[in-house]
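Q: Position chain B relative to chain A; hints supplied.
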Amino acid sequence: MSGSRTRPAPGGDPMSETEIRQETMVINMGPQHPSTHGVLRLLLELDGETVVTCKPIVGYLHTGIEKNTEYRTWMQGITYVTRADYLSPFFNELAYCLAVERLLGIEAPPRAQVLRVMFCEMNRIASHLVWLATSGLELGAVSVMLYGFREREQILDVFEAATGLRMNHAYIRIGGVIMDLPQESTERIGDFLDMMPGRIHDFETLLSKNPIWLERNVGVGVLPPEDALRFGVTGPTLRASGVPRDVRKDEPYGGYETYDFDVITRSAADCFARYEVRVEEMKQSLRIIGQCLERLGEPGPVMVEDPKVRWPAQLEVGPDGIGNSEAYVTHIMEESMEALIHHFKMVTEGIHVPEGETYLAVESPRGELGYYVVSDGEHRPYRVKIRDPSFVNLQAAAEMVQGGLIADTIAVIASIDPVLGGVDR
Amino acid sequence: MIAFELAGRVRATSPDVVVSRDEVTAYVQPHELLRAVATFRDDGDLSFDSLSSLTVVDWPERTPRFWVAYELYSMVRRHRLRVKVGLPAEDPRVPSITPMFPTANWHEREAWDFFGVVFDGHPDLVRILLPDDWDGFPLRKTEELGGVDTLYHGAFIPPVDRRTT
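Chains A and B, in that order, are what the protein sequence lines are.
Position one of the first sequence corresponds to residue 166 (the working numbering), numbered consecutively onward.
Position one of the second sequence corresponds to residue 33 (the working numbering), numbered consecutively onward.
For reference, chain A alone in the conformation it holds in the complex (with noise of 0.2 Å):
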């Protein structure tokens, strides 16, 4: 694979009776390579430092999640679509979980809402963190990388206190949510809203003015607001752009109609706008998560209450972790035969889903996350289609790199935020 280019010698010297050939050079960057998110490949044509043409190659992480769903229950299709973009596992539950609902034609009881909202915005924080802490890294900022996984690890304790997990969690299931908040959850994330503006702050003192962070992400990687619309660009990527475009504001879902927060923008369009957004989006999100927590005050079911789609099992705090209620575990094994019958039905069999086909798109922390579910009207789903903002967002890295130095793609590529379980899916 190499591509050759000749060029007349320079300057038309009239002693070098043959021409100068100036090959390009083929590389390829990844898949295996610190700087690429995972697994991700370019294919780089080069002219000395600057790159002529780039190919990103994708495809190394593929799982089959899609086609893996269909092969299993609506309510086990969950821990599949978790797994997909690891770095935002609630935003695929969630998207994932109201498409089903749309189908079904429930709503999940208001205090799953808030919890809904509330783990998905301590998530897009946890996502944007990683974003910084790695591409801080891969620019030479290392202690930007250790502060950012710090910060995040405080995130993912209070996942794993509320969820018994700290990535893919599966709470959120089909009509709410699987338990509620633990009592002590609440105020460690109040500790976490109180000490994150600090934090944040701590980070832009690092960055913001930090003359070799402005040098490798001022002006680099720019994508006119045009060229973003054409590739598809959604998210943090299209809103540096200067494209006020968020699905939480423009087609709202899960109650986010009734949350004061703004849609961040800046209109430079270059690496450094994309950093100012997703920091800034950070702040809009604390903001979000303090409503969140005033509004838990009101106690609430966090499942629909309808046995046919509920999850029969019941989760509780034991001193080992999370785990089966035994009250629970006494009832259907001990008291009553149709609770067994019941539970075994659920958990086989599960909920049917009535014929029909939705899209239904959420505000992932890379942009717009869309499902597309088909039912067939049987107990599993017929086809899950992902439509994830990294894949489609991945398009226009070519576009970006173009024309700049090897050394910029790196900055650039780290400027989408990528994430390649979802990108292969």
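Hints listed in this document are in silico derivations from the structure and should not be mistaken for laboratory results.
Keep in mind the model is a prediction, meaning the values are calculated, not measured.
Treat the hints with care, since some could be wrong.
What the hints assert, rightly or not - Calculated lysine-lysine pairs in the DSS-like style (CA-CA distance at most 25 Å, straight line):
id : chain 1 : residue 1 : chain 2 : residue 2
1  : B       : LYS173    : A       : LYS232
2  : A       : LYS448    : A       : LYS414
3  : A       : LYS374    : A       : LYS448
4  : A       : LYS232    : B       : LYS116
5  : A       : LYS232    : A       : LYS510
6  : B       : LYS173    : B       : LYS116
A: Okay, now just chain B, sitting in the frame of chain A:
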């Protein structure tokens, strides 16, 4: 625009429109696709200026068998429209809309990769997520889940259900 109003407006271009769960779906013939989508994009009241997603659903029992679904979105008007095209089981082909919406490029490659639907006029219709030498189109309903030997460290490992140890 609410769903029924939108449906009425869409019906002026393509008569076969269904409203279900507040979502509008227009069914068009493969040869009419480009013209219909261009109208949906250029009509000032519709202005479907972006393509969110594109995928295929395989219904082996139905005729036509393959259904390509285009999810159009209007940034200006903030409404959605699904355009569906039915394609036959033998030699499923549809005109590519990549010249109209460059974002469709990878979506169409994925649809080819998974379902074997050919998009005429696509600039580079090659596999995207599966290896280049993959045989078959795995998301078709006629293909089973699993059952494929996996190349690992230079040797092929049989699938889980055929391993002896």
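Q: Evaluate each hint against the coordinates.
A: Verification of the hints:
With a C-alpha separation of about 9 Å, the suggested pair LYS173/B and LYS232/A falls inside the 25 Å cut-off, and the hint holds. The straight-line distance between the Cα atoms of LYS448/A and LYS414/A is roughly 17 Å, inside the 25 Å bound, and the hint therefore holds. Using a Cα cut-off of 25 Å, the hinted pair LYS374/A and LYS448/A holds, with the two alpha carbons roughly 19 Å apart. For a cut-off of 25 Å, the pair hint linking LYS232/A to LYS116/B stands: about 21 Å separates their Cα positions.
Straight-line distance between C-alpha atoms of LYS232/A and LYS510/A comes to about 24 Å, which keeps the hinted pair within the 25 Å bound. Proposed proximity of LYS173/B and LYS116/B is supported: the alpha carbons are some 19 Å apart, at most 25 Å.
Violated hints: none; the structure is consistent with every hint.
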